[in-house]
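*Asks:* Chains as they are written, first to last, in my numbering: chain A, 1 to 285; chain B, 1 to 202; chain C, 1 to 435; chain D, 1 to 194; chain E, 1 to 345.
Be careful, since some hints might not be right.
Stated by the list, open to error - SDA-like cross-link-like pairs, simulated, lysine to any residue; straight-line CA separation at most 25 Å:
| id | chain 1 | residue 1 | chain 2 | residue 2 |
| --- | --- | --- | --- | --- |
| 1 | A | Lys65 | D | Leu163 |
| 2 | A | Lys59 | C | Asp395 |
| 3 | B | Lys195 | A | Glu219 |
| 4 | B | Lys14 | D | Ala169 |
| 5 | C | Lys322 | A | Ala111 |
| 6 | C | Lys429 | A | Ala176 |
Please keep in mind that the hints were generated in silico from the structure rather than gathered at the bench.
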Amino acid sequence: MLETLIIFLILGLLLGAILTFASVKFHVETDPKLEEIIEALPGANCGACGYPGCSGCGKAIFEGKAPVNSCPVGGSPTAIAIAGIMGIEANSDQKPLVARVKCNGADNAKAIYEYSGAKSCLLAKNSFSGMKLCDFGCFGLGTCAVSCPFDAIEMVNGLPKVNAKKCTACGICVKACPQFLMELIPQDQKVLVNCNNTDKGKNAISSCKVACIKCKKCEKACNFDAIHVGGVAVIDYTKCTNCRACAEVCPTHAILVYEKNNIVKVVAKVEEKSGCSGCSANCER
Amino acid sequence: MKISDIFKDGIYRKNAILIMLLGMCPTLAVTTTLSNAIGMGISVIVILTLSNISISIMRKVIPAAVRIPAYIGIIAALVTIIEMLIHAYVPTLYVSLGIYLPLIVVNCIILERAESFASKNNILHSTIDGIAVGIGFTLAMLLIAFFRELLGTGAILGFTILPASTNMLIMILPPGAFLTLGIILGVMGHYSNKKKEELENE
Amino acid sequence: MKKFSFKGGIHIHGSAAKKALTTNSQIIIPKDPEYLYLPLNQQLGKPSVPVVEVGDQVKAGQLLAIKDGGFSANIHSPISGVIEHIDFFINEPTGQLSKSIVIKNDFSNQEVEYISRSTEDAMKLTAKNIVDIMEESGLVGLGGATFPTPIKYLGDKKCSAVILNGIECEPYNTADYAIMKNHCKEVIRGLKYMLIASGAPKGYICIEDNKMDVYETFRQTLSGDTDIQVALFKEKYPQGAEKQLVSALLNQEVTYGGLPIDIGVIVNNVGTAKALCDAVELGKPLTHHYLTITGNVKSPSNYYVPIGILFKDLIDDEDFDKNNVLLAGGLMMGKTMYTEMTPVTKGINAIILLEDLPKVGPELQCVRCSSCIDNCPAFLSPTNLAQLVKNNKYDTLNEYGIVACIECGTCSYVCPSHIPLLDYIRHGKLELRRR
Amino acid sequence: MNNLSLYFGLVFSGILIKNVLLSQFLGICSFLGVSKKTSSAVGMGMAVTVVLVVATIASYAFYYLVQVPFHLEFLRTISFIIIIAAIVQLIEVVMKKYMRGLYESLGVYLPLITTNCAVLGIAILNINNGYDFLGSILYALGSGLGFLLVIVLFSAIREKLELLDIPEAFKGLPIALITAAFMSLAFIGFGGIL
Amino acid sequence: MENKMRKVTWSPFAHSGNSVNMAMLDVIISLIPVIIASVLFFRMGSVLVLLTTTASAVAFEYISRLVLKRYNSCQDLSAVVTGLILGLTLPPSTPLIIAVLGSLIAIVVVKQLFGGIGNNVFNPAAAARAFLLIAFSVPLTNWVNPMTSTYVDATTSATPLSLVKTVMMNIKTGDMEAARTAYSVIESNSWGLIKLLFTGEVAGSLGETSAIAIIIGLIYLIVKKRIHTEIVTSYVGSAFLVTVILSLVYDLGPLFPLISILAGSLLFGAVFMATDWVTSPMTKKGRIIFGIGLGVLTIVIRTFSNFPEGVVFSILIMNMVTPLIDRHTGNRIFGKVKVKSNEKK
């Protein structure tokens, strides 16, 4: 019994002394932030993150090579702690964003040829600026859907549809779209201009049935100074109250309302008053 | 923290083997028969609970800088005690568990629980966590061992069920261990994916 | 007899039959159209700058647009007439909107006065003179790439050989064949001027073994000439690709991402040599060139056409109606046009009409048969590149040498899983360029 | 001669027949964790090999010089793990200071090795099997090389698996485990070679 | 704007007409001589086993694609090829339920779980064969005599491979005397044995016995350009070289290497399993390394391990190395100067 104690005392002291000596003698300066991050990780050194141990993972996070939630074992509490250390705090002022598509072309836009090439919007853009008469619209080939690392984009009827639940607003699709149609908007924004055509009204409508024709009716209808027509109608999301006034007056239904992740066409108020919707439903211009 | 949550986390929501994928070495090595798996499972439950208790007690005493070596020391001491107990009372199990019994020391589950739970929670919660995670570990081992023993030797807990001609020796060899765990994880993944999709589509 | 060849490549099925459609045809000179559309970016590099204004009266051969810096080319009027518009038109083979000069023909056939020289005088010109003539006459590579020719001769790198490319490995095309058959001597004289311009001691004329008659003609014409060698090549696609041609002939590889001049070699098309000969001896700028019109048409043939003529003016409406696919360029490397309102530019050497696209099955998984790797003339691994592109791993594309791809289409042609490998590679290249 | 073939056999069986990963299930956590990239796998494998040999020497010495004379064999596990932990720490600190290049490539894997069952497992197995000093070192070396070989092969396959069209549910670890199953099946082929 | 819309796409506008179906069909055709030989020698046993594996392979392919909700891939014939090759590697007396299990492993586990044709890391037939061998070692090492369908008695007669194996086992244990005695059995009738091995009238797995049938298949595949010949040549060549060295070292006579190449499933494996596109390297250099690795491993395992045959194991091992070979034997890209890899390390 005594022997056990003595041996372990000696062993402990010896190893402790050597290690203390070594760590003092061979001390290498490291960033305190890095050490804090490593501290915050579980320290199981299980390797589940794919990095060599917790310090490897910590280093990768510190160098920005890995996201703060890299540790699958620690889960979200660890991620939040590390985010705090890294100074990436969840900004409560900013509303959560989601990606949306600024085109409602699909079959509404006239095609000029039958494109049977590769399903790559980049390539389509390089072949006569795409198969649509409208040079600004969506080709429907799904480069954004392929680029999305979260499978949040799905091609439905030739247009990308963003699943708001899966979308993390990472902005990859915004960069991927050669037509610059993807936009990150506040999640609670309901009213959107679904057109990016900056052509003159006449040219725009002749290439696509649902193009913005720059009639400026929306500008007049808006009580909050939230929509303006430059090259195309643009909503100022900080001012917009989702009152739908602009969508109601838009003659080409270029301004649409999203409800529960789906597009809802707003019937113009004029129709409600007169009771007859024949003219506006058939009217293209 | 609710006690039922700790139980749910330990047993299935964060199952050490099937979800967290920790402690793979004994999982694959000693699941050749159900009885081995039970022996290993009970050892882990006991050690995990004891280590959680002792670390929880000492959590305010141990300085942060040396906490990992200290934990390892505590766990190693506990393992040695259990090893001696099993050797004395269940020598057959001692032989069949072999080297994997002392290796519980380096089982990531125990260290992980110590570091991420016991060192931050009170004794009661830590005890329950130890038991729950241990049970989760044991259940997962039993699941794997069930398939391996049945397909490999045609028996369950030593009672022969299938005829000898259908025994697939390979199932109690290493490839069988990897294959069984891989397929179990895959099938589980299938169901959890389905659940996730349902949640997303709601 | 030694036949040169390169590593990789394919034999295209039925290639001989497709060429036979036009090999023996007469060269047709179409009647001048009423309007000519001359896009300003016919060459690789910067678009030219117009020097005429709307309403100006121009004569055939008159300078219409001047080159914008070194990497560009002059454009001359093929006909006499009035400038109608200078505006953006989309009907231009690169597929992008481009400024074009539209000339209305007045059918008076007025020409500017060309400065002609006798062959003896021409042979006494200095290198600088000839490069100047190249620049003035707006010479670009007529093999399809439209690389401004003078640039090849302007570098300060020493040139050891000039290679004339008469391979024409595309299955349908016979325009180069027609040039060589009908203008053997002009081609040789053109090469001689090129030798003077480059200072290179040695010239080669490369001909594939499916054009034996031309090869014999050249050999007889050149017998006794030690500076110029006629080289015979095995029939193989893409033998005519510049870098593959150089490696087959001289056993030297053009450095990765570089040009042939980096290893002291200049490669020009036989059509360019013919055009240079015309420019030096007759003083004529590049206003007309040869092209093949073939495929599913009534009378496939080779044409000598003014640059800027619309496809519509060259082919019967009937032929257009019965075909769904309109190709400009070759079967393997050309482009589909969606309208016949497309003008012929300096780069188009064939117009092919096809009833439909080839019926290729659905895209399947790669079965790693490695036929794309074995046949790739740039020794790439197209299937790996495609897989990287599919998985959005663009960063590693350069590691796999995507820049070396010459877009010959061999990989897509041979793939048993019908994977459009080249399309993936193109997409990857565009994505890389965009970053 | 006989001894030589025995020692050769120890190295060889460590690499192929009793492969530490595929037939003994030691170090599976890091096998599955650090095999997503070949570059990390090479580093990990080499670090494990180095630590295995050093730890074997230290634990062997401690066991026969201290524990056996004082009849403290029962403290084997606890003392070995402390020794291994200390050695790993020591190697790391020294490497960090003096062999910066090596530390960048190997050192980062060191903390992971303390809890790698392979190191403790091989140290205990050496004692259990009663190998002599040289034999222990060679067995440790063989096991380390076996670990290196398998983890590198496995990581190359896993890098390839990333690009394949694997059913959603099986992506990641399930298919990696199935791959490991067939790898160990292939290694069974070496059974009985010695 | 006219009404008619032209088709626009990207070059090339032609295709060679080559397809996976045709390639698989060619493999099936090349297997016909082997199948005929096996039916001739093993009669009903052969027919039953081959039918079972093929039918079950196709069925599993269909079912698994259905479960995974992917397009039906049965028409590409790869399942038929896998089923046939698996069947041909089994002994004629294999219980049919085991054959079905083999198809299950080959198609579902090794192929479809990895994503179907083109994605599998291991050769399905080889992996399934190895799995069955370990799982059911007794039924899978029961050989029957050709024509008579009686079980081979281990003491009196044996398969040619087991004769070779006996010699090798004795060499391994150092009992040169016994090795020589065992060898004298081969030596006494070596030409007769070689003749039998060529025609295939010996005990063994269904497809591996007749060298002639395999060579006819090989020639067909070479003519049709469906296989990479460098794998076959480097495999058989290196295996031959290793046995030549062995027979020189142990003085086993000039015909021993030939016999050990022809015996067992080495030829069958080299022609039909190792050359599988999906699991072999993609460059010429890589394929030669692959073949050499196969040859050496086959002979090493066959000679020194517990198992009678090393072909499937060596194929599995080299399949495993293939990604690494692929990475390090990439073609030099056109115009790129080779980077000296030595400088890095």
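*Asks:* Hint by hint, say whether it matches the structure.
*Replies:* Verification of the supplied hints:
no., hint, in the structure
1, A/Lys65 x D/Leu163, "holds, 21 Å"
2, A/Lys59 x C/Asp395, "holds, 22 Å"
3, B/Lys195 x A/Glu219, "violated, 46 Å"
4, B/Lys14 x D/Ala169, "holds, 18 Å"
5, C/Lys322 x A/Ala111, "holds, 21 Å"
6, C/Lys429 x A/Ala176, "holds, 14 Å"
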